[in-house]
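Peer 1: Quick note, the sequences are listed as chains A and B, same order. For the first sequence, this note's numbering assigns the number 316 to the last residue and increments by one with no breaks. For the second sequence, this note's numbering assigns the number 881 to the last residue and increments by one with no breaks.
Honestly, the hints are just simulated from the structure, not real lab data. From a predicted model like this one, the values you see are computed outputs, not experimental measurements. Where is the CB? At the ideal position from N, CA and C, for every residue including glycine. Mixed in with the good hints, there may be bad ones.
[Stated by the list, open to error] 16 angstroms max Cα-Cα, derived EDC-like pairs, lysine to aspartate or glutamate:
(1) LYS776/B to GLU673/B
(2) LYS7/A to ASP294/A
(3) LYS765/B to ASP33/A
(4) LYS222/A to ASP204/A
(5) LYS763/B to ASP33/A
(6) LYS85/A to GLU534/B
(7) LYS530/B to ASP90/A
(8) LYS528/B to ASP90/A
(9) LYS456/B to GLU555/B
(10) LYS466/B to ASP491/B
(11) LYS376/B to GLU551/B
(12) LYS305/A to ASP294/A
(13) LYS172/A to GLU598/B
(14) LYS573/B to ASP375/B
(15) LYS376/B to ASP878/B
(16) LYS765/B to ASP800/B
(17) LYS573/B to GLU369/B
(18) LYS809/B to GLU834/B
[Said to hold, decoys possible] Interface residues of chain B toward chain A, partial, derived using beta-carbon atoms under 10 angstroms:
(19) SER393
(20) TRP481
(21) LYS582
(22) PHE583
(23) LEU592
(24) ILE599
(25) ASP756
(26) VAL797
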Amino acid sequence: MWRYIAKRLLWLVLVLICAAVLIFSIMWFVPGDPAEMMLSGVGTQEDIARLREQLGLNDPFIVQLGNFLYNAFVKFDFGSSYVYKTAVLDELALRLPRTLKLGIISIALSSLIGIPLGVNAALHRNGFQDQGLLVISMVFVSVPQFWLALEMMLLFAVMLHWLPVSGIGTWKHWIMPVIANTLGSIAMNARQARSAVLETSRADFVTTARAKGVHERDVVWKHMIPNAMIPVINALGNSFTAIITSSIVIETVFAFPGVGTYMMSAVSGRDYPVVRACVLMLAAFAAIVNLGVDLIYAYLDPRIKAQYVAYAAKKK
Amino acid sequence: MKNKTKKLLALLLALITLTSVFAGCGGGNGMDSTLSNDALVGQNDENISNAKETGYIRDKITVAFTGATSLSPWGTSNNTPGNYEVYEDLFEQGIDNVTYPVLADATRGGNNPAGIMGYDHEEGTTLYTVYIWDYIYDHKGNHVTADDVKFSYEYQLANAVTSGWEVLQSVEVVDETTINFTFTRELTGLGEFEQIFTLCFIVDEDTFNNSKSKLMVEMIGTGPYKMKAYVPGSELILERNENYWQTNEEYINQAQKANVRTIDYKFINDSTTRILNFQTGEIDLSDDIESQYTVDFLDGGAYGDKYNVFTYPAGLIMNLWANCHPDSICGDVNMRKAIFYAISTDELVAALGGTDEPAYTYSNNTTGDHNDAWNEMENYNSFKGTPEERKAIVDEYLAAAGYQGETLRLLCQNDMTDFCTILVTMLANYGINAELDATDHAGSTTKEKDPTAWDLEYNKWGGNSYICVKWLHAFSWGNTVEGDHTTNFVYNKEWNDLLTLVNSQEGHTDENLTRWLEILYENAYATNLYNTTKSIIYPEEMTYMYRNSHLIILPGACEYADPNA
Numbered sequence: 001m002w003r004y005i006a007k008r009l010l011w012l013v014l015v016l017i018c019a020a021v022l023i024f025s026i027m028w029f030v031p032g033d034p035a036e037m038m039l040s041g042v043g044t045q046e047d048i049a050r051l052r053e054q055l056g057l058n059d060p061f062i063v064q065l066g067n068f069l070y071n072a073f074v075k076f077d078f079g080s081s082y083v084y085k086t087a088v089l090d091e092l093a094l095r096l097p098r099t100l101k102l103g104i105i106s107i108a109l110s111s112l113i114g115i116p117l118g119v120n121a122a123l124h125r126n127g128f129q130d131q132g133l134l135v136i137s138m139v140f141v142s143v144p145q146f147w148l149a150l151e152m153m154l155l156f157a158v159m160l161h162w163l164p165v166s167g168i169g170t171w172k173h174w175i176m177p178v179i180a181n182t183l184g185s186i187a188m189n190a191r192q193a194r195s196a197v198l199e200t201s202r203a204d205f206v207t208t209a210r211a212k213g214v215h216e217r218d219v220v221w222k223h224m225i226p227n228a229m230i231p232v233i234n235a236l237g238n239s240f241t242a243i244i245t246s247s248i249v250i251e252t253v254f255a256f257p258g259v260g261t262y263m264m265s266a267v268s269g270r271d272y273p274v275v276r277a278c279v280l281m282l283a284a285f286a287a288i289v290n291l292g293v294d295l296i297y298a299y300l301d302p303r304i305k306a307q308y309v310a311y312a313a314k315k316k
Numbered sequence: 317m318k319n320k321t322k323k324l325l326a327l328l329l330a331l332i333t334l335t336s337v338f339a340g341c342g343g344g345n346g347m348d349s350t351l352s353n354d355a356l357v358g359q360n361d362e363n364i365s366n367a368k369e370t371g372y373i374r375d376k377i378t379v380a381f382t383g384a385t386s387l388s389p390w391g392t393s394n395n396t397p398g399n400y401e402v403y404e405d406l407f408e409q410g411i412d413n414v415t416y417p418v419l420a421d422a423t424r425g426g427n428n429p430a431g432i433m434g435y436d437h438e439e440g441t442t443l444y445t446v447y448i449w450d451y452i453y454d455h456k457g458n459h460v461t462a463d464d465v466k467f468s469y470e471y472q473l474a475n476a477v478t479s480g481w482e483v484l485q486s487v488e489v490v491d492e493t494t495i496n497f498t499f500t501r502e503l504t505g506l507g508e509f510e511q512i513f514t515l516c517f518i519v520d521e522d523t524f525n526n527s528k529s530k531l532m533v534e535m536i537g538t539g540p541y542k543m544k545a546y547v548p549g550s551e552l553i554l555e556r557n558e559n560y561w562q563t564n565e566e567y568i569n570q571a572q573k574a575n576v577r578t579i580d581y582k583f584i585n586d587s588t589t590r591i592l593n594f595q596t597g598e599i600d601l602s603d604d605i606e607s608q609y610t611v612d613f614l615d616g617g618a619y620g621d622k623y624n625v626f627t628y629p630a631g632l633i634m635n636l637w638a639n640c641h642p643d644s645i646c647g648d649v650n651m652r653k654a655i656f657y658a659i660s661t662d663e664l665v666a667a668l669g670g671t672d673e674p675a676y677t678y679s680n681n682t683t684g685d686h687n688d689a690w691n692e693m694e695n696y697n698s699f700k701g702t703p704e705e706r707k708a709i710v711d712e713y714l715a716a717a718g719y720q721g722e723t724l725r726l727l728c729q730n731d732m733t734d735f736c737t738i739l740v741t742m743l744a745n746y747g748i749n750a751e752l753d754a755t756d757h758a759g760s761t762t763k764e765k766d767p768t769a770w771d772l773e774y775n776k777w778g779g780n781s782y783i784c785v786k787w788l789h790a791f792s793w794g795n796t797v798e799g800d801h802t803t804n805f806v807y808n809k810e811w812n813d814l815l816t817l818v819n820s821q822e823g824h825t826d827e828n829l830t831r832w833l834e835i836l837y838e839n840a841y842a843t844n845l846y847n848t849t850k851s852i853i854y855p856e857e858m859t860y861m862y863r864n865s866h867l868i869i870l871p872g873a874c875e876y877a878d879p880n881a
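So here's chain A without its partners, still in its complex pose:
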C-alpha cells in the first residue's frame, strides 16, 4: 500500500510539471502584454520596452519556461506579482487558508446534511421525504450561485439586518458565503446518495441478507449504506475540488479575499506569476484530493485494497 501511495505521489509531481508547462504555454500564447497592460494610457513605447526588459519578458520562450520551472520546482519560488508587487507565495499563504476554510466548512456541511437526506429519501422512496428532496435539490442544483448569493444578501443583510453584506471580519461574515457555497453541493450530494442507496438496495447481497432474516436496520446500516458510500465518496471528492476551484464567484460577490479573487484579477491583468502559481496550486489540490479519495476507497472497499496488494505482489 505504501508503495502505491509513493507511486501516486510521484505521479502527482509529474502531473504538476505538465500543468506548469501547459499553463506557462497558454499564458505565453494568449494575446496581451503585461507591460502594456500596466502602462496602458500612461507610458510611452520606451517605458513599455523598459518594463518588458525589467520583467524578463524579452527572453525566448524556452528560457522563460526553464526559469519558471527551475524556480517553481527547485527553489519553490513563484516570483512576485506584477500588480501587487508582493511575493506570490506570501500572498497565497494569506489567501489559501481562507479559501480552504470556506471549502472545508462547505464540504463538511454538504456531507453532513446532503448524505443523510439522500439516504433518508432512498429509504422512503416515493414518500414525501423523497419527493420533497427531489424538488428542493432540483431547485438548488439549477439556481446560479451568484443569484443565490445576491438574494441572500438582500434578505438577510438588507431586509432583516441579521448578517453583514460582505467582508471577512467576524464569524458572521462567513455565514452567507458558506451557505451560498454549500446549497448546490448539498443538493448534489443528496441526489448522489439517494441514487447510490437505491442502486445498492437492489443488489443480490441485500436480498440475500433479507432472505436470511437479518433485521432491516442491520440490512440498511451494515450492508446497504457502506456499499452505497463508494460512489458518494467519489462525488464528494469532485465536489470538494469544484468548490475550491469555482470559489471565484462567491469570493467576488462577497468581497472575500481568497485565491479566487486573486486569480481572477490576475487573469485579466496578465499577471503571469500569479496565474501560474494559482493554477499549479489548484492542480496540486485536485490531485491530492483525488489521491485521498482513492485511499478512502481502498479503506472502505476491501476488494480495491486487495487489488492494490495483488498488483504490488505481482510486480515483485
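Please arrange chain B on chain A, whose structure you already have, making use of the hints.
Peer 2: Frame of chain A, contents of chain B only:
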C-alpha cells in the same frame, strides 16, 4: 399522487416563490433608474464644493474601494487607497490644477516662473533647487532630510514604473534641507513639473530598509494618517497621526488635515455588493458608482436621509477609432465620415439609459483647456439633424466611398460588448454592416497593432486634467513601435507636430487646440461617442469633499458637520 404530498409540494413551492418575491423586492432598491440625467445631476448637494471648516472631528468613516493592489508607495500611477493620506510629496496639485508645497518649505524659494514657493528655478536652465522643512518626521519618528528625498527619487526611478521621468538626470543633496534636481532639458511641457514633483512619495531611507516587506504590506510615511491594520485584499485601517510633523496651522493645506479619527477602507470590487453595503449602513463613502445605481440615495430616495450623491462627468473620452491604414476599408475618408455620421450621440445616450451626457466634440468640460465653442463646430460629432437628413449624408459618403456592403470588424473589449452591439445596430440602420470582435484589454492592445485585423475600435481615454494630454495619450506616435503613425494608423505629420506643440507650455493656445480638432474632423480620424458620468455616494454629514488632482477622495481632508449639533 397522494393529497398530502400534493399539499406539501404546493406549500414548498409557495414558500420558494414567496422567498424570491420577498428578496426580489429589495432587488429593486437602487437597481432601476427612472430618473433622467438632469434629475440626477440636479440633486447633487451644492454645498459639497464649498470648503467650510467645521472643526468637527468625526470618529470613523468606512470607505469602499475597488482596485486595491499593493500598499507600495512607489510609481507615478499609484492608486493605493490611503497612500495620499499616509505619504506626502514635495508638492501637491489640487483639483483646480494649483500646485502648492507640502514637504517643500513654503517660506523659502519662489524664484521661478510659476512663483510657487518651495523651489527656485531660473528660466532657460535645467536646474531646480527644492527646499524642504527642517522638522519633518515620519511615523517611526525618523527625521526626514534631503538624503531621504534623494533616496526616494532614485529608488522610484530605478525600481518602479515611472512615466515621463526619462528627463530626470540627477538628484543631488546640497545640505540637510536643500536638493538640486537636474534634468536633461527644462520642464516646459504641460504638467511636466507636476509629473516629477507631485508624483514621488518621500520615504525615510532607514524606515524603508528596516521594513521587512520593504513597505509592500505596511505603510510608514510622514502624512496626517498612519496605518493601523491591513488585511490584504480585504481591508485597510488608518488612524489619525497625533504626532503629525506640521504643527504650524498656517502651512497646513486642506489635503493635510485629519478630520476623521479612523478611516476604514474596505476593498469591494463588485458594484452591486457596494450598493448593498450602503443599504445596510456598513459603508459611508464610495466613488466610482455608476449613476444608475444612485437613485435610492438621492433626496426622497429610500436612503436619501443618510446619504448624498455627487454626480460628475467622469472625464473619459468614449472613443470610436477608424483604422486609417490604406489597406483597411476605413482607409477612405468618405467611408469614415459615413460611419461617424451614422452614429448619433443623443440616441446613444438615450439607449444607455440617459444617465450619461452626449458628446458633441472630441473633448469634454472636465478639462481646464476645453472650449465650449468646439461643441458648435460643424462636423459629424455635433450633427443634430433628423434621421432622414443623417441618412442622406451617410448615403452620399457611402456612395463616394464605393461601399458595396462589406462587413466592418469592430474591435472592442469584452465588458463593452453590450454597448458595441448598440453601435453595430446603429450602423446597420444606415446600411453599414459591422460585426463585433470582442476580446479582453490585453487582447485588443495586441490586435490593434495589426492594420489588417480591425476596421473600427471602441476604447476610452481619460485621467488627465488637460484635454491635450488625453489627445496625446490617444494619438501619440510614441504609442507605436514604428513611431511614425498613431495607433489607428494616421500618418499625418502636420497633425502629430501640432499635437506636440499644443502639449508644450508656449504652444498650448486655444487657436492651436482648435486647429488640431479641425484636422481630426476634416479627416474623420475618430469620434467621441458620449461622456460618462460617475457618482460619489457620501454621508449626509459631509459638508465639504476634498478630491486631489488624481480625483482621489481624501476622507480625512473632508469636512464634517457634528450630527449632534
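Peer 1: Are any of the numbered hints broken by this structure? If so, which, sorted upward?
Peer 2: none
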